[in-house]
Amino acid sequence: MLTYDITKSYGRSYLLRICLLIFLLGLVSLAFPPNAAASGPFFQQIPPDSGLEMSCNLCHDAMPGLNQFGKDFKAAGNDFGPLLGGKEEPKDSEPVTGGTGTTPAPVEVQEKLDAKIELILPGGSVARGEKIQLQAKVTVDGEPVRGKQVQFFEDADFFLKGKVNLGEAATNADGIAAINYWPRATEDNVSLSASVKGDNQINAVGTTAALSLLVAGPLATPAEGLKIPFLGVWTIGLIVGGVWSAFFYAGYRVLEIRKFARVRTQEAIHSEEERKQAQA
Amino acid sequence: MNSADRIAELEIKVLKPLVKPGFGYNLVLVILALIVAIGVFFWFGQLRQGLVVTGLQNQVFWGLYITTFVYFIGISLAGTLVSAVLRLTGQHWQTPITRIAEIITGAALIGAAMMILVDMGRPERLLNVFIYGRIQSPLIWDVIALNTYLFGSLLYLYIPMIPDLAMCRDRLGESISPIRHKIYSILALGWQNTQEQKESLEKAINVMSVVIIPAGIAVHSVTAWLFGMTLRYGWDNSILAPYFVTSAFFSGIAMVIVAMSIYRKAFGLEKYITQEVFVKLGWLLLTMAIVYSYFNFSELLTEAYKLKGSEQAFLSQLFNGKFSGYFWLFFLANILIPIFLISWSKTRNITGITIAGVLIIVGVWFKRYIFVIPTLSFPMTPTYYNAAAYSPNLAEWAITLIGLAGFALLIGLFFRVVPAIPVWEVVHDWEKSTTPVTDHSIRFGAAKGGK
Numbered sequence: 001m002l003t004y005d006i007t008k009s010y011g012r013s014y015l016l017r018i019c020l021l022i023f024l025l026g027l028v029s030l031a032f033p034p035n036a037a038a039s040g041p042f043f044q045q046i047p048p049d050s051g052l053e054m055s056c057n058l059c060h061d062a063m064p065g066l067n068q069f070g071k072d073f074k075a076a077g078n079d080f081g082p083l084l085g086g087k088e089e090p091k092d093s094e095p096v097t098g099g100t101g102t103t104p105a106p107v108e109v110q111e112k113l114d115a116k117i118e119l120i121l122p123g124g125s126v127a128r129g130e131k132i133q134l135q136a137k138v139t140v141d142g143e144p145v146r147g148k149q150v151q152f153f154e155d156a157d158f159f160l161k162g163k164v165n166l167g168e169a170a171t172n173a174d175g176i177a178a179i180n181y182w183p184r185a186t187e188d189n190v191s192l193s194a195s196v197k198g199d200n201q202i203n204a205v206g207t208t209a210a211l212s213l214l215v216a217g218p219l220a221t222p223a224e225g226l227k228i229p230f231l232g233v234w235t236i237g238l239i240v241g242g243v244w245s246a247f248f249y250a251g252y253r254v255l256e257i258r259k260f261a262r263v264r265t266q267e268a269i270h271s272e273e274e275r276k277q278a279q280a
Numbered sequence: 001m002n003s004a005d006r007i008a009e010l011e012i013k014v015l016k017p018l019v020k021p022g023f024g025y026n027l028v029l030v031i032l033a034l035i036v037a038i039g040v041f042f043w044f045g046q047l048r049q050g051l052v053v054t055g056l057q058n059q060v061f062w063g064l065y066i067t068t069f070v071y072f073i074g075i076s077l078a079g080t081l082v083s084a085v086l087r088l089t090g091q092h093w094q095t096p097i098t099r100i101a102e103i104i105t106g107a108a109l110i111g112a113a114m115m116i117l118v119d120m121g122r123p124e125r126l127l128n129v130f131i132y133g134r135i136q137s138p139l140i141w142d143v144i145a146l147n148t149y150l151f152g153s154l155l156y157l158y159i160p161m162i163p164d165l166a167m168c169r170d171r172l173g174e175s176i177s178p179i180r181h182k183i184y185s186i187l188a189l190g191w192q193n194t195q196e197q198k199e200s201l202e203k204a205i206n207v208m209s210v211v212i213i214p215a216g217i218a219v220h221s222v223t224a225w226l227f228g229m230t231l232r233y234g235w236d237n238s239i240l241a242p243y244f245v246t247s248a249f250f251s252g253i254a255m256v257i258v259a260m261s262i263y264r265k266a267f268g269l270e271k272y273i274t275q276e277v278f279v280k281l282g283w284l285l286l287t288m289a290i291v292y293s294y295f296n297f298s299e300l301l302t303e304a305y306k307l308k309g310s311e312q313a314f315l316s317q318l319f320n321g322k323f324s325g326y327f328w329l330f331f332l333a334n335i336l337i338p339i340f341l342i343s344w345s346k347t348r349n350i351t352g353i354t355i356a357g358v359l360i361i362v363g364v365w366f367k368r369y370i371f372v373i374p375t376l377s378f379p380m381t382p383t384y385y386n387a388a389a390y391s392p393n394l395a396e397w398a399i400t401l402i403g404l405a406g407f408a409l410l411i412g413l414f415f416r417v418v419p420a421i422p423v424w425e426v427v428h429d430w431e432k433s434t435t436p437v438t439d440h441s442i443r444f445g446a447a448k449g450g451k
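Each protein sequence line maps, in turn, to chains A and B.
Residue numbering for the first sequence follows my numbering, beginning at 1 and increasing consecutively.
Residue numbering for the second sequence follows my numbering, beginning at 1 and increasing consecutively.
Just so you know, these hints were derived from the structure itself, not from any lab.
Check each hint, because a few of them may be wrong.
[Unchecked claim] Have a look at the derived ranges for each label pair, beta carbon to beta carbon:
(1) B:N128 - A:E118: 44 to 52 Å
(2) A:I228 - B:I339: 39 to 47 Å
(3) A:E273 - B:V129: 53 to 61 Å
[To be verified] For lysine-lysine, the following DSSO-like pairs were computed, each having C-alpha atoms within a straight-line distance of at most 30 Å:
(4) B:K322 - A:K74
(5) A:K259 - B:K198
(6) B:K306 - B:K322
(7) B:K203 - B:K182
(8) B:K203 - A:K259
(9) A:K259 - B:K271
(10) A:K163 - A:K112
(11) B:K198 - B:K432
(12) A:K259 - B:K432
(13) B:K198 - B:K271
(14) A:K197 - A:K163
[Claimed, not checked] A few chain A positions that, by computed beta-carbon distances, are all more than 12 Å from chain B:
(15) F69
(16) G81
(17) S125
(18) E130
(19) K131
(20) D141
(21) G242
(22) E256
(23) R275
For clarity, every value in this text was computed on a predicted model and none was experimentally measured.
Just so you know, even glycine gets a beta-carbon here, dropped at the ideal spot from N, CA and C.
Given the sequences, and given the hints that come with them, work out the whole structure.
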């Protein structure tokens, strides 16, 4: 018989623990949810220091339609250069969207003041998937503040809680910044927030508000297709259900192993008790 | 050496790495974990800034992530073929490598799911796939098939492991931590090797062996239909589903060969994973290589003969255009050299077959790349403008490595805690070879008289 005894200790691996620790650190970092946004090919070409809004709204109203800036960009041969040269300041009466001038203008505030921000949402409920405009008004002592970058967020609560960055825009002369928004949340209410970062003029400030959504049925309507006798969604359900039933049957047989082990253990205890009683 | 010594020697061989795997093995695990950690770091960057950090664009919206997803899906068929199909057909030469094949399946499917998650860009919206998904969409078919196959594969990995987990519980004793011992005890389900338990295990394995095959084929077919249901050059092809299944068997076998070659050396299992196993898998690989070549030829000939629409320009990209390097590399690494290495008797040995396996698992990835990218790079709409060519950047490569290194890491960690060889099955085969087949045979194959 071989004498090698596997039960003797061969030492422990610390390298493996380091490896597991790295994994754990990775999992812990999941507790800090980031913001995210998708973008198209020209998005990457937006000059970062140009003051243009880093958002889809720069060129689009509703995908894939172009706004005026998008049309100008296309007419310029998909080149930002000519547009940057002739960029105009936004009209005072319009909220600054579509990248038309996000360069902060000097604010008539000499000291660092406490600003207020108010999120202005459409009244009543809005339909899911329908474009609306999110507006935020920034004021100091009731007076609008111009040229402040306002960031808009939607609260997400799946896997982890966090904020989805919806975009940002600068306030106009009325102190209003606005972005376009298409609510797509599955809940009846969406929690939105807007915030302004602090600078040498005002302190950071933020606010939240709830947007009520109408449940307007499915987002897509199935088109008519071929009708094949005896074939439908139920066929897929039957096949998939059959496979999963087989899985569960196999799982049931596996659990029987545990049941047999318990029965065997009880029998052993019982016979041991009987043996002791017989001895007594 | 008598039977008891033989079994004891096998147990020592397979249990030793669970207690003392060696410095080199642990070092490899740490390096893989570091690569994964770097990838995770880049992934958080992508989550923070969006898919803009990748080289993906409006035209080429599927890049490295989906290439690697399709690659993993292909690899995952290894367990189904080597374990289930060969079990049911009464083959027993593959018994020592069934666990390697099954964990490759599980790890590859987890890697595939990971690639989908990173490709989504917004993984917190995953639930929307189930809430708003339409059954008419092949994407939903893929979600259903992938989840079904993943669950089934993990179950199929676990069930034959139960007696070996009981062996770990009983034999490793104080050489492992109490927590680990407790986990072995829980997972072993009180296995005592009784007749009733063997019968339950036999039934469960037989059911899973049968049902996992259609589930595996379904997931590969549905992945093919993801592409085949579109009207794009290179994908608009009715042969795509069987082509994917063949390709999956092909790459899956290659991955099993490479994995068993590594573990054979690393754990000193030369006595159990013999040259015979390599040669038989080599023949299977050769068969699949020929069938795969036939499908490739058939697909390309059908498209190249008609040249409908802009197919001439599309195919020229592959044969002598900007993707020709990848295409001819695939042709050499996946078709010509492996067929030569396995056909020629002088190279039909462990080294030659392993080299063929390595070439195939690398070449298949390039094949996936030139399957996904050229089609998407080809202009299909009037609004197409001459956007820059797709080129994966550092972030994309790093994030893709989460899947590739993570796949190897999962397998490495798994064999750190579970025997690489299914001891009870090997012992059972030894016993079968010296005793007549009984009604309680653990395998269909044995009942049919297979060896």
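Discussion item. Hint by hint, where does the structure go against what was stated? Just the numbers, ascending.
Written reply: 1, 9, 21 and 22
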